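Given chain A, put chains B and C with the ligands in place with the hints provided.
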Amino acid sequence: MTTLLEEQVQAKVDLPLLQNIHKAAALDEIYVPGHRTCAGCGPALAYRLTCKAAGQNSIFLGPTGCMYVANTSYLCVPWAVPWMHTQITDGGAVASGISAAYEARIRKGKYKGTFPNIYVFAGDGGSSDIGLQAASAMIYRDHDAIFVCYDNEQYANTGIQTSPQTPYGAWTTFTPPGPKIPEAKKLWPKDFARGMIALHPALQYVAAASISYPVDLMNKVRKCANVHGSALIHIQSICPKGWGIRSNQTLMVGKLAVETGMFHLFEYENREYTYQYQPKAFKPVTEYLKLQDRFAHLKPEHHAKIQEFVNQGLKRCGIKIPVEAV
Amino acid sequence: MKERYKKYIVEIPEEMSIPYAGIVESPKVNGEQPMMLTGGWRIYRPVVDHDKCVMCKSCVLACPDATVLLVDGGQKIGFNLDYCKGCGLCTWVCPVNAIDRVPEIDFEDGVPFQDALFLLPHVEALYAD
Amino acid sequence: MAEQYKDKKEEILKETVKMTGYEDAGFDWKSEKRVGATKFLTGLGAVAHALKMADIDVASSYPIRPYTGAMMMLSQMAARGELDVEFVHGEGEHGQLGIAHGASAAGARAFTGSSGVGVMYAMEVYSPISGGRCPVQMLIGNRTLDPPGDFGSEHTDALSTRDQCWIMGWAHTPQEAFDNTLMYYRIGEDPRVYLPQMNCQDGYFITHIPMKVVVPTQEKVDKFLPPLSFPDALDPLNPLGHGPQLFPGQGHVLEATRVNAMMGAFPVIDEVVQSFNSIFETNYSPFVDLYRCEDAEYVLFISGGHAYTAKFAINHMREKGMKIGLVRPRFIRPWATDVLADILSKFKAIGVVETNNAFGAARQAGILTLEVATTLYQIPNKPVLTAFMGGLGGEVIRLDEFYYMGDVLAKAAKEGKTERTAYWIGFHNI
Ligand SMILES: Cc1ncc(C[n+]2csc(CCOP(=O)(O)OP(=O)(O)O)c2C)c(N)n1
Ligand code: SF4
Ligand code: SF4
Ligand code: SF4
Ligand SMILES: [Mg+2]
Numbered sequence: 001m002t003t004l005l006e007e008q009v010q011a012k013v014d015l016p017l018l019q020n021i022h023k024a025a026a027l028d029e030i031y032v033p034g035h036r037t038c039a040g041c042g043p044a045l046a047y048r049l050t051c052k053a054a055g056q057n058s059i060f061l062g063p064t065g066c067m068y069v070a071n072t073s074y075l076c077v078p079w080a081v082p083w084m085h086t087q088i089t090d091g092g093a094v095a096s097g098i099s100a101a102y103e104a105r106i107r108k109g110k111y112k113g114t115f116p117n118i119y120v121f122a123g124d125g126g127s128s129d130i131g132l133q134a135a136s137a138m139i140y141r142d143h144d145a146i147f148v149c150y151d152n153e154q155y156a157n158t159g160i161q162t163s164p165q166t167p168y169g170a171w172t173t174f175t176p177p178g179p180k181i182p183e184a185k186k187l188w189p190k191d192f193a194r195g196m197i198a199l200h201p202a203l204q205y206v207a208a209a210s211i212s213y214p215v216d217l218m219n220k221v222r223k224c225a226n227v228h229g230s231a232l233i234h235i236q237s238i239c240p241k242g243w244g245i246r247s248n249q250t251l252m253v254g255k256l257a258v259e260t261g262m263f264h265l266f267e268y269e270n271r272e273y274t275y276q277y278q279p280k281a282f283k284p285v286t287e288y289l290k291l292q293d294r295f296a297h298l299k300p301e302h303h304a305k306i307q308e309f310v311n312q313g314l315k316r317c318g319i320k321i322p323v324e325a326v
Numbered sequence: 001m002k003e004r005y006k007k008y009i010v011e012i013p014e015e016m017s018i019p020y021a022g023i024v025e026s027p028k029v030n031g032e033q034p035m036m037l038t039g040g041w042r043i044y045r046p047v048v049d050h051d052k053c054v055m056c057k058s059c060v061l062a063c064p065d066a067t068v069l070l071v072d073g074g075q076k077i078g079f080n081l082d083y084c085k086g087c088g089l090c091t092w093v094c095p096v097n098a099i100d101r102v103p104e105i106d107f108e109d110g111v112p113f114q115d116a117l118f119l120l121p122h123v124e125a126l127y128a129d
Numbered sequence: 001m002a003e004q005y006k007d008k009k010e011e012i013l014k015e016t017v018k019m020t021g022y023e024d025a026g027f028d029w030k031s032e033k034r035v036g037a038t039k040f041l042t043g044l045g046a047v048a049h050a051l052k053m054a055d056i057d058v059a060s061s062y063p064i065r066p067y068t069g070a071m072m073m074l075s076q077m078a079a080r081g082e083l084d085v086e087f088v089h090g091e092g093e094h095g096q097l098g099i100a101h102g103a104s105a106a107g108a109r110a111f112t113g114s115s116g117v118g119v120m121y122a123m124e125v126y127s128p129i130s131g132g133r134c135p136v137q138m139l140i141g142n143r144t145l146d147p148p149g150d151f152g153s154e155h156t157d158a159l160s161t162r163d164q165c166w167i168m169g170w171a172h173t174p175q176e177a178f179d180n181t182l183m184y185y186r187i188g189e190d191p192r193v194y195l196p197q198m199n200c201q202d203g204y205f206i207t208h209i210p211m212k213v214v215v216p217t218q219e220k221v222d223k224f225l226p227p228l229s230f231p232d233a234l235d236p237l238n239p240l241g242h243g244p245q246l247f248p249g250q251g252h253v254l255e256a257t258r259v260n261a262m263m264g265a266f267p268v269i270d271e272v273v274q275s276f277n278s279i280f281e282t283n284y285s286p287f288v289d290l291y292r293c294e295d296a297e298y299v300l301f302i303s304g305g306h307a308y309t310a311k312f313a314i315n316h317m318r319e320k321g322m323k324i325g326l327v328r329p330r331f332i333r334p335w336a337t338d339v340l341a342d343i344l345s346k347f348k349a350i351g352v353v354e355t356n357n358a359f360g361a362a363r364q365a366g367i368l369t370l371e372v373a374t375t376l377y378q379i380p381n382k383p384v385l386t387a388f389m390g391g392l393g394g395e396v397i398r399l400d401e402f403y404y405m406g407d408v409l410a411k412a413a414k415e416g417k418t419e420r421t422a423y424w425i426g427f428h429n430i
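Chains as they are written, first to last, in my numbering: chain A, 1 to 326; chain B, 1 to 129; chain C, 1 to 430.
In short, the hints are calculated from the structure, not lab data.
As the structure is a computational prediction, the values presented were derived from the model and not from experiment.
There's no promise every hint is true.
If you want a taste of the chain B side facing chain A, the calculated C-beta under 7 Å gives, among others [as the list claims (entries may be wrong)]:
no.	residue
1	Pro27
2	Val29
3	Gly31
4	Asp65
5	Ala66
6	Thr67
7	Gln75
8	Gly88
9	Leu89
Even for Gly, the Cβ is constructed at its ideal location relative to N, Cα and C.
Only chain A is shown next, with the shape it has when bound in the complex (with noise of 0.2 Å):
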């Protein structure tokens, strides 16, 4: 049997979608057991399924973040694939060099194997603020390379604090609730993925998937994978510690997320958005809020707030479907 890897260096070949869990599971583990990252951490889980879906000729970038210091931690690493640190900041930018060296050095004669599929695994910090502009530049010089963010929704690794994706309404501690901000957060979040396709006419592919969901995290991985220039997947990756949820509830919250219409799973591609998930109505946010202590402070009025964002959210989109009474 000729391993993955000796298929891609003979030829690059699309990875093949995955019409179910089973072939789902069967395939390699890329990101292995031995990480210090908390029992129960959804970007851990869409760092596995990221891999799994991508395979050995891949190679993955880490901003700072999480995913870089909690799998790391004392001198080792869990990716059997090539992997580099880069600065919270900069991981568009590695990645594009890391591009740019490949597609010199094939052209040139002074690499052998084919191009590898180059993934930056940023943060929501590292993706939508600091690693914004680094982000935006790799994917408008349309380099063969993958951006993920996966969002935990807060800048978790230096204790929590608050991203543009925190929701509004969220603890963190930089935005802690009392008399004076009973609301805790303020602002509302930015809408990364969207606006990253507003802004990049040349963008050819982008997602956006929840751990909750695995085969389809995993296909949409491997549509981004296939894309020959620049796609970006954006997961919604539930942080047990940030949002004040047990560690076995990770799946659960974010399947409310989506069942709320807190979080759209999404897929654009030929400039058109398509849905994937279509419920007869949708739940209301009272009942995603209320598991997680980040939201525990909020008043019914915040809730409402909440409630009237996802509807006009959910309007924006053209997605006609009710919104179940709470």
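Coordinates of chains B and C with the ligands only, in the frame set by chain A:
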């Protein structure tokens, strides 16, 4: 020249040496990273009831630590207890409630009764003599 | 203008014209038998030509004067098909350095460059590149830092990064810039070193003034500079993890290995410069360029392009019987402490011409004085040391200003002291 500048070179004793530029070996595909054993974190151990299990493999894709295993030639679910952190996600995801969470303390080889197994190699070295 | 040179104004002007009139002063190379095509190239042009011959794989650019011209020339070479390079337009200097970092880590010969505030904007990334032991080369065409938007040359930009473990030095002519480009890659890519390099040249004075450059044959360049071999490159066929966190108590060990790479570069530089001299028939001394120092009693210590003017000034002062010479370090990092201590111990007075500013530093001097003073510390009979703060904000240092420095030093050598620890050129009389 060489002699003259020797005094500027920091001699690094063998026992302090570290990999060049902090570049390390990657683990093997489908392997493990033995430098970071995490099984010792576990409070609850996942235990599967093979009679209930319908082999849907949801639990395999639910584990952040890749510690739900397909054993017996892929016919059964098993766990890699050297690394399983006991998060309970496999239990939550199972559609037929085939995975129990049993306190470690109920096992003869439970985490509280093991000592050296979950120590990092460098810490273990400290205890060696 | 110093009093005693007032009547010589005409003569000085004539000399100045001769200097800038593309005459090759040929001080260092009188005995050299360089072979190759003679071109008139600016410092930037010289570097671009050298990069083409070095067959770089990836270049990352971002516009800022004055270094930009090198990138413009590279992009033209790429457009004409003369150089097969991935030319990546960075989103800023920080990104530029990130791109070069990634390219180098993936085994490509990478080049980037910047000036002034751009050099500072990339500050975060210098240490990760040297720590990752990626032999990126960066061209710096020096530019004064803001405020205001001052275009002139000043070395503060590059010198502010001196502690980031990059090989660093200045060329004082376009020819030297060409040569340094090749030498730096060879030094940085030596497996005993593997460090990035800052190939610096003064903005405008070197970057933009064309002078004679002998461009050697490709065959000779290939003989001198083999293709980059980087065994730890990011490669799915050889998976490695670059830059995991360390064990507690290992950080200082990693830093020790990095300092060893830098200090271990001394013998490598020696070797590389000798090899360069033998292949290209030049006569560089590896670390220090000495000009009329044999019987000198006092010297100007000066790095970079102003040394070129200074050499003319020294000729004039010598004609008047002054025992002055010039010491020009070819490398700022690594700093050749022992070589310099040997040389500097012979003089009675040393004036460090600072073309940088270190506000509030010891002795109210610039960055180089700190290094020179430390170097002198190991000498029993220390020469008098002073600094000349000149060329700041991109001002030229005129011949008469060098004469002024000569006078200060002559007095210092005689009296064994100076009035000031730092003379701001143009502000005070002797
Ligand atoms: C330039 C810079 N500023 C600040 C930091 C500190 N820092 C380390 S990790 C981190 C949080 C990263 O957040 P995110 O990208 O969302 O990843 P997460 O930790 O949430 O997984 C920050 C701010 C840094 N490493 N570099
Ligand atoms: S803090 Fe959150 S993101 Fe970080 S390792 Fe823990 S669970 Fe994962
Ligand atoms: S308890 Fe958590 S870590 Fe252990 S096998 Fe189940 S999902 Fe994996
Ligand atoms: S989720 Fe439950 S039923 Fe499915 S394979 Fe795992 S243990 Fe068996
Ligand atoms: Mg985050």
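Status of each hint after checking the structure:
1. Taken as an interface hint, B/Pro27 checks out: its beta carbon lies about 5 Å from the nearest beta carbon of chain A, inside 7 Å.
2. Taken as an interface hint, B/Val29 checks out: its beta carbon lies about 4 Å from the nearest beta carbon of chain A, inside 7 Å.
3. Taking 7 Å as the C-beta contact cut-off toward chain A, the hint placing B/Gly31 at the interface holds, the least distance being around 5 Å.
4. Hint status for B/Asp65: holds, given a least beta-carbon distance of 5 Å to chain A, under 7 Å.
5. Among the interface hints, the one on B/Ala66 holds; its C-beta lies about 5 Å from the nearest C-beta in chain A, closer than the 7 Å criterion.
6. Using the Cβ-Cβ criterion of 7 Å, the hint placing B/Thr67 at the interface with chain A is satisfied: the shortest such distance is roughly 5 Å.
7. This hint is violated: B/Gln75 has a C-beta 13 Å from the nearest C-beta of chain A, more than the 7 Å allowed.
8. Against a cut-off of 7 Å between C-beta atoms, the interface hint on B/Gly88 holds, since the closest Cβ of chain A lies about 3 Å away.
9. The interface hint given for B/Leu89 holds, since its Cβ lies 6 Å from the closest Cβ of chain A, which is under the 7 Å cut-off.
Going down the numbered hints, you'll see the structure goes against just number 7.
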